[in-house]
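When you get a sec, could you build the whole thing from the sequences and use the hints?
So the sequence lines, in the order shown, correspond to chains A and B. Okay, so the first sequence: first residue is 1 according to the UniProt record's numbering, each after it adds one. Okay, so the second sequence: first residue is 1 according to the UniProt record's numbering, each after it adds one.
Among these hints, one or two may not hold up.
Unchecked claim - Here are the simulated lysine-lysine pairs, BS3-like style, with alpha carbons at most 30 Å apart:
1) B:K220 <-> A:K564
2) B:K180 <-> A:K261
3) B:K159 <-> A:K261
Unchecked claim - A few chain A residues facing chain B, derived, Cβ under 7 Å:
4) P293
5) A297
6) A300
7) E306
8) S344
9) P346
10) Q450
11) I469
12) L471
To be verified - Pulled from the structure, derived: some chain A residues nowhere near chain B, Cβ distances all over 12 Å:
13) V302
14) E427
15) Y495
Worth flagging that the hints you see were computed from the coordinates, not collected in a lab. Computed from a predicted structure; not experimentally measured. Even glycine gets a Cβ: it sits at the ideal position worked out from N, Cα and C.
What follows is the residue order along each chain.
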Amino acid sequence: MGESVDRVLQQLRGAGVRVSRRELLQLAMFSSAALVSGAALAACGGGEEGGASTPSGATGAQPSPTAAAATTPAQQPAATPTTSAGQPRRGGVWRMALHANPTAYPITIPGALADLLVNKTIYNCLTQYQLKDNQIEVVPDLAESWEANDDLTEYTFTLKQGVKWHDGQPFTAEDVKFTFDAILNPNVNAALRGPVSSIDRVEVVDEYTVRFVLKRPFAPFPVMLGYNQAIVPKHLLEGKDLNQPTEFIANPVGTGPFKFKEFVQGSHLEVVANPDYFDGAPYLDGIVFKVIPDGNARVAQVRAGEVDFAVIEPPQVDALQGAENVEIREAPQVNYYFFAVNHSVPRLQDVRVRRALSHAIDKQAIVERVLRGYGQVATGPINPLLGDYYNPDVTTYEYDMEKAAALLEEAGWTKGPDGILTNASGERFTILFNGPKGFPVMEQVITYAQQQYQKLGIEVTLDIVDWPIHLEKYRNLQYDLLMEWWITPPDPDLYDHYHSESAQNRWAYKNPQLDELLVQARSEPDRAKRVQLYHEIQKLIADDLPVIYLYYPRELQAMNTRTKDLPLIGYRDALTWMEKVWLEE
Amino acid sequence: MAAYVVRRLLQAVVLLFLVSVLTFLLIHSAPGGPALLANPELSREQIQQMTEQLGLDDPLPVQYLRWLGNVARGDFGSSYNTVQPVTRLIAERLPNTVMLTGLALVLSILVAVPLGVLSALKRNSAIDRIIAGFSFIGVSIPVFWLGIMLIIVFAVQLKVLPAGGMYTLGAEFSLVDRLKHLLLPSLVLVVANLAELTRYTRSGMINVLGEDYIRTARAKGLPNRVVLTRHALRNALIPVITIIGVLLPRAVSGAAITETVFSWPGMGRLAVEAAMTRDYPVVLGATLTVALVVVLSSLVTDLLYAYIDPRIRLS
Chain A
1 MGESVDRVLQ
11 QLRGAGVRVS
21 RRELLQLAMF
31 SSAALVSGAA
41 LAACGGGEEG
51 GASTPSGATG
61 AQPSPTAAAA
71 TTPAQQPAAT
81 PTTSAGQPRR
91 GGVWRMALHA
101 NPTAYPITIP
111 GALADLLVNK
121 TIYNCLTQYQ
131 LKDNQIEVVP
141 DLAESWEAND
151 DLTEYTFTLK
161 QGVKWHDGQP
171 FTAEDVKFTF
181 DAILNPNVNA
191 ALRGPVSSID
201 RVEVVDEYTV
211 RFVLKRPFAP
221 FPVMLGYNQA
231 IVPKHLLEGK
241 DLNQPTEFIA
251 NPVGTGPFKF
261 KEFVQGSHLE
271 VVANPDYFDG
281 APYLDGIVFK
291 VIPDGNARVA
301 QVRAGEVDFA
311 VIEPPQVDAL
321 QGAENVEIRE
331 APQVNYYFFA
341 VNHSVPRLQD
351 VRVRRALSHA
361 IDKQAIVERV
371 LRGYGQVATG
381 PINPLLGDYY
391 NPDVTTYEYD
401 MEKAAALLEE
411 AGWTKGPDGI
421 LTNASGERFT
431 ILFNGPKGFP
441 VMEQVITYAQ
451 QQYQKLGIEV
461 TLDIVDWPIH
471 LEKYRNLQYD
481 LLMEWWITPP
491 DPDLYDHYHS
501 ESAQNRWAYK
511 NPQLDELLVQ
521 ARSEPDRAKR
531 VQLYHEIQKL
541 IADDLPVIYL
551 YYPRELQAMN
561 TRTKDLPLIG
571 YRDALTWMEK
581 VWLEE
Chain B
1 MAAYVVRRLL
11 QAVVLLFLVS
21 VLTFLLIHSA
31 PGGPALLANP
41 ELSREQIQQM
51 TEQLGLDDPL
61 PVQYLRWLGN
71 VARGDFGSSY
81 NTVQPVTRLI
91 AERLPNTVML
101 TGLALVLSIL
111 VAVPLGVLSA
121 LKRNSAIDRI
131 IAGFSFIGVS
141 IPVFWLGIML
151 IIVFAVQLKV
161 LPAGGMYTLG
171 AEFSLVDRLK
181 HLLLPSLVLV
191 VANLAELTRY
201 TRSGMINVLG
211 EDYIRTARAK
221 GLPNRVVLTR
231 HALRNALIPV
241 ITIIGVLLPR
251 AVSGAAITET
261 VFSWPGMGRL
271 AVEAAMTRDY
281 PVVLGATLTV
291 ALVVVLSSLV
301 TDLLYAYIDP
311 RIRLS
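Quick look at the structure:
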């Protein structure tokens, strides 16, 4: 049994190896398709980039910062940010690759990945994230400190004083109120309203104190404020059309370590150092975000030394092997990949069926051979990066085809004369398997799953479609199984995706017991109790298996070694620390 | 002549109208709406609201007439993706493309016409076969492959030319720098154009060389050079001009793949990216711009025919 699977995976791997070449061609040919997916992906905070996977020592190309960590069971990277070689030096322009045109305005859509990345250097949120002791923690950014009332319905933030907008105006609590009023205004097309939808109202207490009154008790609130909730200047945006502030977009103003300089459509966006930055002037003179839509062109520019940083895909690692002055880093990210299960389909409502579907997938083999080791098998929706919130002690579904077959039989599915599983009422077991086009890694995983499920006697129809159509079908429950991922804020709160009343629950999943626990856990002020609740939640989820959990990918960063002190975390978060980064001679 | 031009221009207006209707129908019938709305973070209500704001919930004829009305007032709308006016996007991208494809076209003509003449004169010789061979290799090599190979050789290995972009960022404008960035992408385009142009010049030349008036010219004792340039080449160029007329719109519509491989911010990328993300206003704006150029260049081609071959009368 293992043998035949090995053969399939060997083929997959073979395909994977070829993909690096074929993908090169495909990407060039369909790079616009990749673009779309990129943009859309981006929207979900992730991307082909962030999403698909992350390499390990397998290639031998990586230097050591992560290698040591990769051998630990949890495979968490070391806490120390980067190799810091000597005294920081001032000067130089850092060049980073973007896959699409950015818009340096954080409030409204598109809110694509390129926008988010650029905005991290121009604006600040109230909080931000750093990696410490192998777990992500929330630390102040524009906030000085914060405190909550006992039942977690009111948060009072004290702001840093003396912070100035790039045009010299002072930053105050009015700006904070203005920003969140804008995001919550139903007439504004806010891209990232979800994370702060718990806010009922924002009150300015004094110039440097702001109070958030929430609709319900909400423990992760300070974490959510760091999730792309950039603060914008009231004095420049008040009274403007917030959906299309053309003037502001042409000349955006933030509080960040870098000031907007210019944007040339399709070419680049440049920011320059803000010498008055409240946390100290940045070492860099500036950052150039180069728009390079083609994945192979990004790799080529990294090799040629024309770009200092690009996020790449596992198949591209080979192309960077032996490249001078290029380091490939594995950055942890709060992200998991899964097969979504449509719970409105009767045959998928039986937990035995879902368990069988999980047993039939060799996740370890996917990580090793499709992701080339740049990831870790997922046990559930909570990422090991969340430290003690993560509960590894839950039911897992080892690869076991016999068990899968037995579970299906127990659930009343037996093979008919044509080899297809059929139940007592003569219904055939079919699966419409949806996935987005243009993601080589995901397409490989889906193809593998199709073969595995077919072996069990399930008729699988693949539905690999363009990104917008994929999302439309996801939203409208027009699938049986569907491959997706979630990049989430670094908090265990699962309400949005798992609660039966949440609009983001795209699986029609209903579990009253879980609903209750989810509400309780997000309202619990005591951390230890909260940890306990999430351990319970993970157990419950692992038993009931709302979706088929696959892997936690790591982000692959191709970085020129002259870059120093860039924290080793996903680039969405690393970019909030750009004032610390410097360039070696 | 003037009446002819006016008539052709009036036809052009009708044609552009038809192109806009067709483009509108095609892009709206493509499945999956604007990528803008394909954001997993957005709630159903938000999507509904934005659909209404963009007017995408109206019947298609209503949407089209609204767009047409705005265009009549000179407003081509704004990009869904970048919130910038379509006219500005095109105005920014068009010169970049014309710079690249224009240079490529000129180089192609300079290389292909002499090669085609040479092929015709030395018909079926070794030189003819070598030129034909290279032309066919050129037209058969996938553009993206050639582009990536050139980048690997000249930018990554030899480090003599940049891997992409239009100029060195942060540096002062310099012609040398600009030409360095132009070299590889235009080379790719020249290679792709070469076969067509060479073959057309060759066959045109061969046809003409067999004509009676060439024999007459030779019989008059004119020097070979004069026979070739004055009598033969001028007539042989008519089919070549047809091909250039076809290549000219390409110079404006851009070379999406080449522009993508070399991160060149041109029209091709703009149009393809807009189509892929269903950025309707940009798709319509870019298509109309290209359609306009196609119409104009076919007009210019016809006028050139008349100039080169007085037997052709415009009426």
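Going through the hints against the structure:
no.	hint	in the structure
1	B:K220 <-> A:K564	violated (80 Å)
2	B:K180 <-> A:K261	holds (25 Å)
3	B:K159 <-> A:K261	holds (29 Å)
4	P293	holds (5 Å)
5	A297	holds (6 Å)
6	A300	holds (5 Å)
7	E306	holds (5 Å)
8	S344	violated (16 Å)
9	P346	violated (24 Å)
10	Q450	violated (23 Å)
11	I469	holds (4 Å)
12	L471	holds (5 Å)
13	V302	violated (9 Å)
14	E427	holds (29 Å)
15	Y495	holds (14 Å)
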